[in-house]
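So the protein lines, in turn, are chains A and B.
Letter by letter, the first sequence follows residues 1 to 505 of the numbering used here.
Letter by letter, the second sequence follows residues 1 to 468 of the numbering used here.
The set of hints was computed from the structure by calculation and includes no laboratory data.
Small disclaimer: the values here were computed from a predicted structure and weren't measured.
Be a bit skeptical, because a hint or two may be false.
Unchecked claim - What follows is a set of in silico ranges between Cβ atoms, one per label pair, in the way DEER data are often shown:
1) A:45 / B:197: 50 to 58 Å
2) B:45 / A:409: 45 to 53 Å
3) B:38 / A:159: 22 to 30 Å
4) B:38 / A:400: 18 to 26 Å
5) A:19 / B:183: 15 to 23 Å
6) A:277 / B:43: 50 to 58 Å
7) A:191 / B:33: 49 to 57 Å
8) B:45 / A:301: 55 to 63 Å
9) B:33 / A:332: 52 to 60 Å
10) B:29 / A:409: 53 to 61 Å
11) B:44 / A:247: 44 to 52 Å
For every residue, glycine included, the Cβ atom is placed at its ideal position computed from N, Cα and C.
Listed below are the residues making up each chain.
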Amino acid sequence: MSVHVELRRGAYHDSVSLLQVSRAVAGAPGVEAAQVAMATELNVDVLRGMGFAVPEEAGPNDLLVALRAADDDGLAAGLAAVEDALAALSATASSTGADDEVPPATLGSAVRRSGAGLALVSVPGAHAVTETYDAIAAGASVMLFSDNVSVADEVALKDAAAAADVLVMGPDCGTALVGGVALGFADVVRPGPVGIVAASGTGAQQAMCLLDAAGVGVSHCLGVGGRDLSAAVGGRSTRQALRALAVDDATDWVLVVSKPPDPDVLAAMEREVEALGLRAHWAILGAGRPDLTAAVEQALAAEGVAVPDWPAVLVATDAPPRPADAPTTTTTGSLRGLFCGGTLAEEAVLVAGAVLGPVSSNLGHDPEHALGRGLRAAGHAVIDFGADELTRGRAHPMIDPTLRMERIAAEAADPTCGVLLLDLVLGHGAHPDPGPELAEAVRAARATARAAGRELPVVVSLCGTDADPQDRRRTEATLAEAGASVFLSNAAAARHAAGILGGAR
Amino acid sequence: MTTPLRGLLTTDPVVATSGVALFADALRDQAVPVLDAGWHPPPPGTEGDLAIVMADPRRVSANAAALARMTAAEALLVDVLPASQALGLERGTFLHAGPPIEWERASGPLRGALVGAVLLEGLADTPEEAERRLAAGAFDLEPCHHRGAVGPMAGVVSPSMWVYAVRDDVHGNTSWCSLNEGLGKVLRYGAYGPEVIDRLRWMGAVLGPILRQAVRSTGPVDIRAIIAQMLQMGDEGHNRNRAGSLMLLRELLPGMITADAPASDVAEAVRFSGANEHFFLNLGMPACKLATRAAEGIPGSTVVTTMARNGTDFGIRVSGTGEQWFTGPANTPQGLFLGDYGPEDANPDIGDSAITETAGIGGFAMAAAPAIVRFVGGDVPFALAATRRMYEVTVGEHPLYQVPVLGFRGTPVGIDVALVVRTGDLPQINTGMAGRVAGTGQVGAGLVTPPAECFTAALTALARAAGS
Chain A
1 MSVHVELRRG AYHDSVSLLQ VSRAVAGAPG VEAAQVAMAT ELNVDVLRGM
51 GFAVPEEAGP NDLLVALRAA DDDGLAAGLA AVEDALAALS ATASSTGADD
101 EVPPATLGSA VRRSGAGLAL VSVPGAHAVT ETYDAIAAGA SVMLFSDNVS
151 VADEVALKDA AAAADVLVMG PDCGTALVGG VALGFADVVR PGPVGIVAAS
201 GTGAQQAMCL LDAAGVGVSH CLGVGGRDLS AAVGGRSTRQ ALRALAVDDA
251 TDWVLVVSKP PDPDVLAAME REVEALGLRA HWAILGAGRP DLTAAVEQAL
301 AAEGVAVPDW PAVLVATDAP PRPADAPTTT TTGSLRGLFC GGTLAEEAVL
351 VAGAVLGPVS SNLGHDPEHA LGRGLRAAGH AVIDFGADEL TRGRAHPMID
401 PTLRMERIAA EAADPTCGVL LLDLVLGHGA HPDPGPELAE AVRAARATAR
451 AAGRELPVVV SLCGTDADPQ DRRRTEATLA EAGASVFLSN AAAARHAAGI
501 LGGAR
Chain B
1 MTTPLRGLLT TDPVVATSGV ALFADALRDQ AVPVLDAGWH PPPPGTEGDL
51 AIVMADPRRV SANAAALARM TAAEALLVDV LPASQALGLE RGTFLHAGPP
101 IEWERASGPL RGALVGAVLL EGLADTPEEA ERRLAAGAFD LEPCHHRGAV
151 GPMAGVVSPS MWVYAVRDDV HGNTSWCSLN EGLGKVLRYG AYGPEVIDRL
201 RWMGAVLGPI LRQAVRSTGP VDIRAIIAQM LQMGDEGHNR NRAGSLMLLR
251 ELLPGMITAD APASDVAEAV RFSGANEHFF LNLGMPACKL ATRAAEGIPG
301 STVVTTMARN GTDFGIRVSG TGEQWFTGPA NTPQGLFLGD YGPEDANPDI
351 GDSAITETAG IGGFAMAAAP AIVRFVGGDV PFALAATRRM YEVTVGEHPL
401 YQVPVLGFRG TPVGIDVALV VRTGDLPQIN TGMAGRVAGT GQVGAGLVTP
451 PAECFTAALT ALARAAGS
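Looking at chain B on its own, in the form it has when it is part of the complex (with noise of 0.2 Å):
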């Protein structure tokens, strides 16, 4: 027979507490082990909403659940091809970083950075009429997330730009990112000057058809067992990829030498992606999309599936609520600055890339990567105790993805909404920084926080939920 209430009188008390501290004093007054849960009230009015959500009865099981896929979920390179093929995207179309947004409410590198886009695919031969058309209404915007896709900073895809396509065969899904232009004056930081397109226009035509025969020739590279490894070397998978993109270039590169190309093109596209320590990004971040994407659609789960920004709004949506976004004013990242810009020249947050986050490395896995508290800020006690907070507001650990300086504990994953509102602590994301004026390109790196009102709305929808 098994002792009843888990061995309550037989075992000697380890008593947690919450609120009154004379009462754990009097317990420590016994010599009872007391360790207590520093309670402090959450938001005003949040409380009826936190009670309901975690009376629900489904919302333990649903967890574990959204976890178990989450951690599941696979994430193979298959396919590097255009964006109108894999995404079906049309002629006119856009699509962009974070939740939806119109034009006139788009921030200076979104607009930058769909000016690019239009004069890419030809629909205007001036920036001038580029933005005149789009503030026109002429094109159809679209959020990549609305597609199964990402993109990083303003994320913009435009049907001629080619995107890697990845593949997670457990739950049958599949995500596509663009291909990483890397760093300087780029279209995903807004810049569109005529180098920006240069430079798109030579990635479709070469860059894009030599890692296509490269990926088709080698074989599906496994991005998950790449993300386990450089958590082990250094990254943290958000803004320090280097190890990744080694270990990416290192599987790519023989069937990159070996294509179907002329041998200087070769040489450029190897010497391109060697060059660009954010190569593994644009591959990290499907991986990590893929993910929270096996994860969405449990009811009464309260786990975060996206946080997107558009450089306007930050956006939430979570398992439970299925495709609803829950939005508020994007923040703008503390961090170090590239050359002369400073905080005045910063953009607010912006990206897909805080899938990364979603997912349980970037900010999350900053403990495996002391060495980034050098580009975004903060210093080295930070970086881990970055880490060890995120486990206070997730609802389980990584098998697979590690930190090694904690014992190879788990990295925090599955950011649970109840636990983000009752303790205040909101995700830590370590973003680049964009100019505010479109065409500034990027102007530093740091951390940045979401707005705590995506986290209350989404608590409310999700008691709403469990109430009906």
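Same shape as in the complex, but just chain A (with noise of 0.2 Å):
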């Protein structure tokens, strides 16, 4: 026999409530007598009828529990039957949709409000902490798509996540895949057991085409931002993301894709992806390991797939490709790489660099071949447009794609322009129909360019499936009938566009 009396000061409900709440609770299994009042002088005496010993100090404001079971069992149901009934006496608001009326005016309410496991902040970065530590305190992932936050806050929200056991995707993430669901910039691929876990959103995209294009599908693909793997950050959202995949049924294998990271840290992720008994793979772009292209046929090649051929249209107008050794090239000019995505300027001056020598860039790892204010290069030069300097106050060029436009009709009529190298990333959250607006910019530098008496090769590195909303095949249909030579492998076209300079050295 278990008999708990409880007296709750001052919380007062209604007799109706109490009586629905006692006969909830009368009911529970292994409850034998069940009584929830205000300890009214009735009440109190009814109480001390049934047998149980009412405190001397009860009075009509407080909230008697009383529970007479066969067991502890019995009297431990009984007590969660009393909470669950007292808190269905106010949780009928909810039921009733009448929050509905007042929209939520902060990220934490509309995660609480939602049971939304995933908040997505894209706030100017000025306020993207603000919004990231209310989503962490409500209890929810974020994927973080703003940049300009600071590598010491970076630090800091992930370590409140990881308290938290929540992920920060970011910041500065523009793609993630959590459960079939694409955020950000991603592309709608095939469902399947790959994980990824990308400190780059376009590599991610790439890597996914990819994969896609080889058959194979992706569980998830967990962002962590572009400085995960750098030595402050010291790979910490990769951990959470490494450790979640380790135990997520859906998830066969992993590929890591990161811009270049501290070889201590990558170190450590290597280690750390043993001790959780991982099949992962690593698509790490740097000098002198495999571009992304590469890496993904060495991770297919390990997992018994076979590689295909990568979607690829080359323009028989392009000059052939010359071999590699050739001594000296009879094309003039330099190349010229305009970029939406981070990573794929990053692969094409890593690729193109190693056939033309070097490549100037703004993706501000090398100060010796950095470009100036005005973005402009004598040699060869590749420009990211996403860069943060020239996305404040505007769109990414994935979605506002103005800047490069006017770019490309500039290059056209450069002399010193001897190809011009394109990226287009489809997808979820681009522009809706990027092809013909490209195309369009494609056939008009190439006509610039002949009206002056030169021949513009142009080369694009189309990221993007079947399955996107903009559909590859027809954006690719699209931009070769302007005249463009069209890859789905980023490499393969950083090294076709080298290619038709001839490899000068």
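Fit the two chains together into the complex; they arrive one by one in their own frames, and the hints show the way.
See the structure below:
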């Protein structure tokens, strides 16, 4: 026999509600007698009549909870029923939907009201930290699309997230795929066994599209922010993502995609993977490392998947690629790469640089070959139009291509431009149908050059899938028709463009 | 083993969004449930302080502690006694509502009430003399809040006035509030004519002692329990106290009618109390003060512990910054006017009664009191929306104070400075309106909000405290 009598000071409920509570509790398994009531004189008499010892200090404004059960389990069940029934008394608001009439005023409120497990933050950078803390405190993981978040803030946010067992994907995280849902800029790929951890937005998109073209699907793509594998951030989110994917039933193996990482952090991640018993493959950009396409090919081979011929359309009018050991080029001019995707631009610099020698860029890694404020260089150059300084107060070039379009026209009129290398990224979040517009620009550029007596080859790295809202195949045809060579593999596109210039060193 | 990342990879995603609408649309296109936060930027220059305060690792637990203390605080009416005894108030010292202020900057109603109090204490023979002495700095002025007390409207308390003593045994605090004078020409609205002074003398000589006998004979009265019930009877506890006043009278009546006093005095005390529909306000306020006082001084907490006005300035104090006031010019309420009075007759916001909103009732419980719109303006949907909006700027819901029409949801409680600044939604206050000219009395009732700069200034101080 177990008995529980409890006095809750000042907890007022009306008698009809408490009758319902008492009935619900009395019906709980193992409960022999139950009464939940305000401690009025009458109720106290009733309870004493039922054999309960009511505390002397009980007054009419106090709530009495009295239970008798066969054993402790019954008592626990009864007490749980009390809590449920009391909670239900004030929970009717949500069931009537009455709360919906005032919209949420903060992200934390939106998370709590919707029960969201994930928050997508894309406010201007100065406000992103506040929004992210709010979501973490409300218990949601965060895809942090915003950029201009300091490293110190990033570290603190990721520590707060880990303490709350949620993940911060970002900052500056453009791409994620969680449970089949595409967030930010993301391609529509088939579901499958590969979990992607990506410290790179367009790098992840490239990897997903290549896998999709090989018939291999993706379980989740967890972006971690481009700096996650830096020494300062130390792989904080990567570690959390790897641990979650290691126990995820939908994930068989993992592909880690990153911009050039800190070697010590990378080594630590490799040890982490080993400790978790994860099958992981690495697509890590950097000098002397395989490009993303080669890394994906190696992963496929290791997993016993046949590597397909990556989709490519070569335009006949292009000068034929020369062997890499050709002594000189007959094509004058330089490579000009105009990119929307930062990782794609970075890969293009690495791939083309290996063939052509130094390539200037605004990527910020190589001060010796940095483009100045005017973003002009006499020789080979690659520009990332998604860089912070080119998106302040502007939408990302994947949404608003204006700046790049202007530059395409400028390059067409520039006699030092020997080949134009462009990327185009499809998928959710991107321009709804960018093909025709870019095709028009390609056509106009080639015409401008031709009018000046030049042939201007154009190579497009087209990252997307046939299931994307913009349809990769249709977009590819539109661009090819305008005279561009089109590649799914960004590395192949860069290599092709460099080859057109004859691999001049 | 628990699912990592709270089941992020194994549950169908539901996404909350803040920022670019395109991304929310892209999710809706994928048939994902999306709730957008409708983000808009906070006032320029606040983003840095916000980020620091939001990053303060103490914030979440400190605010949870503030909420827990605020809602656990008791409020038992234990005694009625002169302010000289209760507050140790010395002759020549006068308490007033709101943040500190000097005579030069004091508004009409506060000046009027101070003049009346000086006359009541016999420190001047004429209003003119009282004014002269006040202007000359002959007396000490001090906020009620600095002594743990609260006063409605002008909130002037002098040593011979009687006050209620309300106890919170959970946190070991006591708060005090003067006895309500009723409506019309009354000191708290700045009136100081002979009938005002006569009434105050009668309250000290007759009403106070009878109420003291009643309280002492019937035992402590649980004020929180009355608030919980009055919210279910159409009161919001600031500008509508009808049910609460009747319940209070029900508690005190047996002790009043058996008090050792002439029958005519008892009859007049009962009539006076029963005729006053704001009889309860002066007990609801100290009960709320005890709640907010329990939440004071928690490092890292961004919860507001005081909102008060002196007719010139609106001031707030915050748990994490202790005693410091953050002030701005008081707004003038918008609402309905008595008789021939109009907006030009209204004084800016005045009184400690915004302690009710600070503790989660009053304007915050407006949904419980739809009838109030006939008194303060607005319509019933506004009353419902007012409470719902306040959930967006508070840290929790009151477990005892519930709103029937919202499915007995607890009232929004614990105003969060960071949420107010982020959303730009200022606390909703229901209030009476005093006449601008000293001696006028009440001219109407309406709705008002604090000036936003109180909150941005508090945020800066919180950020400074978090950064150190």
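Okay, the hints, checked on the actual structure:
1. Remark: the range hint 50 to 58 Å for residue 45 of chain A to residue 197 of chain B is upheld by a beta-carbon distance near 51 Å.
2. Restraint check, residue 45 of chain B to residue 409 of chain A: a C-beta distance of roughly 40 Å breaks the suggested window 45 to 53 Å.
3. Between residue 38 of chain B and residue 159 of chain A the CB atoms are about 29 Å apart, so this pair conforms to the stated range of 22 to 30 Å.
4. The hinted window of 18 to 26 Å between residue 38 of chain B and residue 400 of chain A holds, with their beta carbons roughly 23 Å apart.
5. At about 40 Å, the beta-carbon gap between residue 19 of chain A and residue 183 of chain B misses the expected band of 15 to 23 Å.
6. Checked against the given bound of 50 to 58 Å, the beta carbons of residue 277 of chain A and residue 43 of chain B, roughly 51 Å apart, stay inside it.
7. Under the hint 49 to 57 Å, the C-beta atoms of residue 191 of chain A and residue 33 of chain B, about 20 Å apart, miss the expected range.
8. Remark: the range hint 55 to 63 Å for residue 45 of chain B to residue 301 of chain A is upheld by a beta-carbon distance near 56 Å.
9. Checked against the hint of 52 to 60 Å, the pair residue 33 of chain B and residue 332 of chain A passes, with Cβ atoms roughly 57 Å apart.
10. Between residue 29 of chain B and residue 409 of chain A the Cβ separation comes to about 32 Å, which falls outside the hinted range of 53 to 61 Å.
11. Our hint of 44 to 52 Å for residue 44 of chain B and residue 247 of chain A holds, since their Cβ atoms are close to 45 Å apart.
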